[in-house]
Amino acid sequence: MIAGICGFLFTIFIYLIAKRLYRYKRILLFSPLLFTPIVLVIVLLCTHTSYDTYNAGGKWLAYMLQPATIAFAVPLYKYYPLLKKHAAQILISVVAGSAVAVVSSALLALLLHVDHHVLFSLLPRSITTPIAMNVSEMIGGVPSITAVLVLITGLLGSVIGPYIISYLRISDDIARGVLLGTSAHGAGTAKAFELSPISGTVSSISMILAALVTQLVATIIISS
Amino acid sequence: MKRLLILLGQVAFFIVVSIIMNALVSILDWKIPGSLLGMFVVFLLLQSKVLHLEWIETGASWLLAELLLFFIPPSVGIISYQSLMLHEGIQIFLVIAFGTTFVMICSGLVAQSISKRKEHTRP
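Protein chains in written order, with our numbering: chain A, 1 to 224; chain B, 1 to 123.
If you're looking for bench data, these hints aren't it; they were derived computationally from the structure.
Any given hint could be a false lead.
To be verified - Derived DSS-like pairs: lysine-lysine, alpha-carbon spacing no greater than 25 angstroms straight-line: (1) A:K25 with B:K116; (2) A:K85 with B:K31; (3) B:K31 with A:K59; (4) B:K2 with A:K84; (5) A:K85 with B:K2; (6) B:K49 with A:K85; (7) B:K116 with A:K59; (8) B:K49 with A:K84; (9) B:K49 with A:K59; (10) A:K84 with A:K19.
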């Protein structure tokens with residue numbers, strides 16, 4: 001219990017340091033989503049603390065992902081007219097992106113001879129954690145491995161996203177949001193909100209659509 | 001102090017909604033997460049003016065601004081898969097890195113080309 005509370009407070013403490021460092025110097029290592037887990041993993045390993053002990057407190061922070069997901073209703077409401085105007089564009093791009101996510105994961109995993117359990121756990125990795133775990137279980141993956149792969153995807157996505165945006169010269173706010181939300185769920189969406197409120201909102205709706213499309217396709221494939 | 005109380009109250013609102021929605025999906029045995037249902041419900045309440053934007057806007061902005069913090073404990077979970085990461089970590093990393101790049105290129109370019117087409121058709 002005490003270890004849990006320490007884990008909880010320590011996570012917030014390191015996160016605040018990372019935020020300050022990142023504001024001071026915008027280098028990749030100081031990005032809170034990279035810096036904080038690295039420090040925590042090192043501390044847990046050095047102090048021989050198990051993940052379960054840490055997570056007794058950590059899970060309360062993770063639970064806040066759910067109220068935060070509900071909070072997406074606010075930008076959704078504020079930019080509803082804009083979203084409605086671009087609905088077709090967003091939907092087509094998200095469906096294309098989600099198809100690429102699943103197919104490319106499968107092909108790359110087969111190519112690199114990844115274990116079958118891991119392969120099925122990898123397929124839903126680009127969508128938001130709760131639905132990804134759901135899909136993973138349906139198709140015969142391991143939900144807890146999927147959760148970690150989803151997070152690695154989010155982390156990598158929010159790091160490489162800005163480079164891809166500038167390399168492809170994607171100047172459109174809508175396209176930027178679609179790119180980040182479809183590929184890197186909530187972490188990508190947090191990045192998109194850094195770019196502009198419009199990109200952030202489009203990213204959150206893309207994240208939701210990608211999750212729904214993937215869940216729907218998985219349900220159809222399983223029941224057929 | 002007053003601002004902090006307002007923020008806490010509004011965040012508490014979202015927590016309560018998530019608890020109610022989780023209970024609801026488990027009672028109804030729906031296959032969607034309670035938080036997604038909650039988002040739709042709050043959106044509809046805002047649209048129908050039952051909820052006013054200013055009642056929840058501060059809390060929502062804070063939750064979204066600190067979103068990354070909530071991702072951290074689950075990502076530390078990688079520590080439980082040390083042997084998997086030692087044996088297949090590089091392959092997994094490559095699959096995710098290339099896969100994510102493909103998704104970004106595809107979705108970004110499709111969205112961008114649709115925007116451009118719209119601009120062209122406009123007189």
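Here's how the hints hold up against the structure:
For the given pair, A:K25 sits about 36 angstroms from B:K116 by alpha-carbon distance, which is inconsistent with the 25 angstroms threshold. Only pairs whose Cα atoms come within 25 angstroms are accepted, and A:K85 paired with B:K31 is rejected, the gap being roughly 30 angstroms. For the hint pairing B:K31 with A:K59, the CA-to-CA distance comes to about 22 angstroms; that is within 25 angstroms, so the pair holds. The hinted pair formed by B:K2 and A:K84 fails the criterion: a straight-line CA distance of about 37 angstroms is larger than 25 angstroms.
With a C-alpha separation of about 39 angstroms, the suggested pairing of A:K85 with B:K2 is violated against the 25 angstroms cut-off. Between the alpha carbons of B:K49 and A:K85 the distance comes to roughly 21 angstroms, so the proposed pair stays at or under 25 angstroms and holds. With a CA separation close to 44 angstroms, the supplied pair B:K116 and A:K59 exceeds the 25 angstroms bound. At most 25 angstroms may separate the alpha-carbon atoms for a hinted pair to count; B:K49 and A:K84 meet this at roughly 19 angstroms.
Annotation: proposed proximity of B:K49 to A:K59 is violated, straight-line Cα distance about 34 angstroms (limit 25 angstroms). Note on A:K84 and A:K19: the hinted pairing is violated, with a Cα-Cα distance of about 35 angstroms set against a maximum of 25 angstroms.
Checked against the numbered hints above, the structure breaks hints 1, 2, 4, 5, 7, 9 and 10 and satisfies the rest.
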